[in-house]
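S.K.: Letter by letter, the chains look like this.
Protein chains: 2
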Amino acid sequence: MLNLLLVDAELELVPEEIAGHPTIGASAKRRKKPATKMLLDSSLHHSAMKRLAEPERRGRPDIVHFFLMVALESVLNHRGLLRTYIHTRNDQLIAVDPLSRLPKSYPRFVGLMESLFIDGRVPSRGQPLLSIQAGFCFEDCLHEIPHSETVVLSETGESCKLKDCFRDRKDLLCVIGGFSRGDFRSDVLSAADRVISIYEQPLTAWTVASEVIVNYENAFES
Amino acid sequence: MLNLLLVDAELELVPEEIAGHPTIGASAKRRKKPATKMLLDSSLHHSAMKRLAEPERRGRPDIVHFFLMVALESVLNHRGLLRTYIHTRNDQLIAVDPLSRLPKSYPRFVGLMESLFIDGRVPSRGQPLLSIQAGFCFEDCLHEIPHSETVVLSETGESCKLKDCFRDRKDLLCVIGGFSRGDFRSDVLSAADRVISIYEQPLTAWTVASEVIVNYENAFES
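Residue numbers (numbering that gives the first Met the number 0), protein chains in the order written: chain L, 0 to 221; chain U, 0 to 221.
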């Protein structure tokens with residue numbers, strides 16, 4: 000089994016401290032939602048975000064959307080050999096049912112994530128497709144997800160070809176950064192069995208996910 | 000070199016015949032654009048689309064967006080070994096500069112594609128990142144794109160493991176369907192050197208792209 004964990008994902012509701020900003024207000028009015036029940040989105044809330052810490056990296060639900068689309072629609076997931084998790088900047092852990100068919104439409108995906116943050120699960124009844132738990136730092140995530148080896152993907156790691164990494168089909172936990180700028184906020188390196196780099200430059204989260212998934216699948220099939 | 004061609008992509012402006020529908024009108028008013036200068040989008044225009052032929056498959060810019068994000072952000076593209084093209088249902092051919100950094104934000108991507116359809120290229124001056132030409136049926140695309148072998152990916156093809164397909168590093172043209180339902184509208188099979196299936200069920204266009212890209216890259220590196 001391959002476990003993919005997107006770590007420090009820039010996914011959060013609009014923080015209280017900028018809820019009164021005119022940009023956020025306009026966005027809330029258009030969507031007919033209270034400001035603090037909307038996802039923070041840098042493509043819409045850029046000017047308001049200047050008041051936040053680390054404004055240049057926050058508010059990226061699009062990264063999570065691309066990552067989930069790559070993971071859930073993969074052959075490996077269809078074969079039942081992938082588990083997908085998201086850890087957010089606020090130490091929440093989102094578990095994703097492998098059978099979820101999440102919205103391809105970005106606005107609908109955003110609506111779904113907002114319901115998840117507010118209700119703790121979606122759908123609100125029956126088997127949850129997505130559920131979220133607070134108070135899960137990276138180390139707590141490691142305890143929660145069954146695995147035998149933790150591999151962190153980082154351009155600072157040891158250079159490695161993934162096709163040579165997965166030959167023994169272990170129950171792996173692969174850790175991928177859920178942000179577009181800067182470094183992991185969580186201390187992922189000290190808990191890693193291996194830190195590997197698949198390219199000399201930073202890659203998007205979904206590119207790394209795609210490389211890991213296809214190469215793991217190839218190893219599993221061989 | 001790997002050439003990826005998304006064929007019969009469901010990417011078009013709102014057709015004249017449904018431009019007067021109230022759903023389209025509301026969407027145009029919100030966006031302050033003439034109806035026929037907006038992309039057709041099934042997540043917004045579903046009720047109006049019932050009047051069109053093949054309504055269940057049309058209006059899917061999201062598929063093109065995911066496909067381009069997977070292709071352009073891939074390691075193979077960063078290494079300069081990938082060329083990406085889109086053929087639309089209306090026989091237009093979109094050429095994509097491999098150095099393009101297209102918007103991750105879906106609304107911005109839609110705006111960019113609308114400019115492309117209206118102006119024929121983006122940006123309007125200087126080296127185009129995207130350019131579109133009309134009157135290119137699938138066969139014309141084959142003549143336009145330099146390659147030595149055409150491989151069509153289809154669940155009806157011969158079952159094959161991609162890692163075994165790309166060992167000789169040819170200049171390949173891989174053809175992927177740009178739609179979510181039904182079959183190719185273009186006659187892709189008669190022009191194919193090989194028709195291969197990598198999974199017994201239909202896969203999304205970006206899943207197939209991801210499998211092709213990573214496996215080609217592995218072959219190139221070996």
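Derived by calculation from the structure, the hints in this document are not laboratory data. All values reported here derive from a predicted model rather than from experimental measurement. From the three backbone atoms N, C-alpha and C, an ideal C-beta is built for every residue, glycine too. One thing to keep in mind: the hints can contain errors.
Label pairs and their computed distance ranges (CB to CB) [to be verified]:
1. U:Gly-181 <-> L:Glu-53: 25 to 35 angstroms
2. U:Gln-132 <-> L:Gln-132: 47 to 57 angstroms
3. L:Ala-133 <-> U:Pro-201: 35 to 45 angstroms
4. U:Glu-15 <-> L:Ser-147: 31 to 41 angstroms
5. L:Glu-157 <-> U:Asp-163: 41 to 51 angstroms
6. U:Gln-200 <-> L:Ser-147: 25 to 35 angstroms
7. U:Ser-123 <-> L:Asp-96: 43 to 53 angstroms
8. U:Arg-78 <-> L:Ala-52: 29 to 39 angstroms
S.K.: Decide, hint by hint, whether the structure agrees.
M.R.: Comparing the hints with the structure gives:
{"no.": "1", "hint": "U:Gly-181 <-> L:Glu-53: 25 to 35 angstroms", "result": "45 angstroms, violated"}
{"no.": "2", "hint": "U:Gln-132 <-> L:Gln-132: 47 to 57 angstroms", "result": "51 angstroms, holds"}
{"no.": "3", "hint": "L:Ala-133 <-> U:Pro-201: 35 to 45 angstroms", "result": "38 angstroms, holds"}
{"no.": "4", "hint": "U:Glu-15 <-> L:Ser-147: 31 to 41 angstroms", "result": "60 angstroms, violated"}
{"no.": "5", "hint": "L:Glu-157 <-> U:Asp-163: 41 to 51 angstroms", "result": "28 angstroms, violated"}
{"no.": "6", "hint": "U:Gln-200 <-> L:Ser-147: 25 to 35 angstroms", "result": "30 angstroms, holds"}
{"no.": "7", "hint": "U:Ser-123 <-> L:Asp-96: 43 to 53 angstroms", "result": "45 angstroms, holds"}
{"no.": "8", "hint": "U:Arg-78 <-> L:Ala-52: 29 to 39 angstroms", "result": "36 angstroms, holds"}
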